[in-house]
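Q: Bring the two chains, given one by one in their own frames, into a single complex with the hints.
Chains as they are written, first to last, in the numbering used here: chain A, 17 to 118; chain B, 814 to 897.
No lab work stands behind these hints, which were simulated from the structure alone. It cannot be assumed that every hint is accurate.
[As the list claims (entries may be wrong)] Examples of chain B residues toward chain A, derived with CB under 10 Å:
{"hint": "1", "residue": "Gly847"}
{"hint": "2", "residue": "Glu849"}
{"hint": "3", "residue": "Leu859"}
{"hint": "4", "residue": "Val866"}
A quick note: this is a predicted structure, and the numbers were derived from the prediction, not measured. Backbone N, C-alpha and C define an ideal beta-carbon position, used for all residues, glycine too.
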Amino acid sequence: MSALHVAAVACFGVGVGVVVLTALASLRARRAADRLHYLTPATALGAPLVGLGLVLENGWSLTSAQIAVTCGLIMITGPVLTSAALRLAAQREGTVPQESPE
Amino acid sequence: MNAWLVGVLALVGIGLPVATWIASRGDPVERLVGLELAGVVATLALLGFAQAVAQPSYLIVPTIAVVLSFAGTLVFARLLAPRS
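With the rest of the complex left out, here is chain B (with noise of 0.2 Å):
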C-alpha cells in the first residue's frame, strides 16, 4: 500500500461516509450541502486512486465527475427554490 492510496482509503473511509451522513438527514438544503461536499470528495479520492494504481487513463473520470456534479448540484438548488 502506497501513500496515495492511504489517502484514497482516508477520503473514502472518514469523509465520504461524513458526507453520505449529512446528504441524508435534515432540511432539503442541508441535504444539498451533503451532496457538494460529496462530489469534492469523491473526485479528490478518484484522482489519488489514478494516482495510487498508476493508471493516467482514469483521470478522465474525476475530470467528467467535477462537470456532472456541479450541473447536478445547480439542477437540486433549481429544483429545491420555493415556488412564489
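The following block holds chain A by itself, in its conformation from the complex (with noise of 0.2 Å):
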C-alpha cells in the first residue's frame, strides 16, 4: 500500500464526508434557501476532492480525464442550478419581480 493510494483514499474518504454531512446537515435547514446554502459544499468541496482522490489513484491516463471533466461539469454547473433555484424562491415569495431577469 504506497503513499499515493492512502492519499487517494483519503481525499475520496474526506469528499464523500463532505457531500454526506451537507446532505444531512440541509435535513436541518427549514427554508429552500438555507438548504440551497448546505448544498453548496458538495458541488464546491465535495466533487472536487472526490474527484483526486480518484484521479490521484488512477494517475495520468484517459480515465483521470473523464474524472476530472466530469467533477468539473458539477463544480461548473453547481453555482448555475443554485442561484436557479434561488431566484425561483425569491420569485415564489414575491421579493423579485417575476419578469426579472429576463
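A: And the structure:
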C-alpha cells in the first residue's frame, strides 16, 4: 500500500464525508434558501475532493481526464443551479419581480 | 469490499435517501433542492462505483448524468416559475 494510495483514499473519504454531512445538515434547514446554502459545499468541496482522490489513484490517463471533466462539470453547474433555484424561491416569495432578470 | 465501495455505500445509503426525502416533501422549491442534491450524490456514487469495480468504461454514465441532471433541474426551475 503506497503513500499515493493512502492519499487517494483519504481524499475520496473526506469528499464523501463532506457530501454526506451536507446532505444531513440540509435536513435541519427549514427554508429552501437555507438548504441551498448547505448544498454548496457538496458541489464546491465534496466533488473536487472525490475527483482528486480518484485521479490520484488512476494516475495520468484518459480515465483520470474523464473523472476530472465530470467533477469539473459538477463544480461549474452547481452554482448555476443554485442561483436558478434561489431566483425561483425569491420569485415565489415575491421579493423579486416575476419577469426579472429576463 | 474495498475503500471505494465503502464510500459508494455511504453515498447511496445515507446521501441518496436524504436527498429523496427532501425531494418528496415540502413546497416545489424545496423539492427542487432535493433533486439537485440527488443529482450530485448519484453522480459521485457512480464515479466511485466505476473505481470500485475497476471498470473505466462505466465512467460515461456519471459524465452524461451531470449534463442531464443540469438540464433537467433548469427545466424544472423554469416550469415552476410563477406565471405573470
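Q: Evaluate each hint against the coordinates.
A: Consistency of the hints with the structure:
The beta carbon of B/Gly847 comes within 8 Å of a beta carbon in chain A, closer than 10 Å, and the hint placing it at the interface holds. A distance limit of 10 Å between C-beta atoms decides the matter here; for B/Glu849 the minimum to chain A is near 5 Å, and the interface restraint holds. The interface hint given for B/Leu859 holds, since its Cβ lies 9 Å from the closest Cβ of chain A, which is under the 10 Å cut-off. Proximity of B/Val866 to chain A is violated relative to the hint, the smallest CB-CB distance being about 13 Å (cut-off 10 Å).
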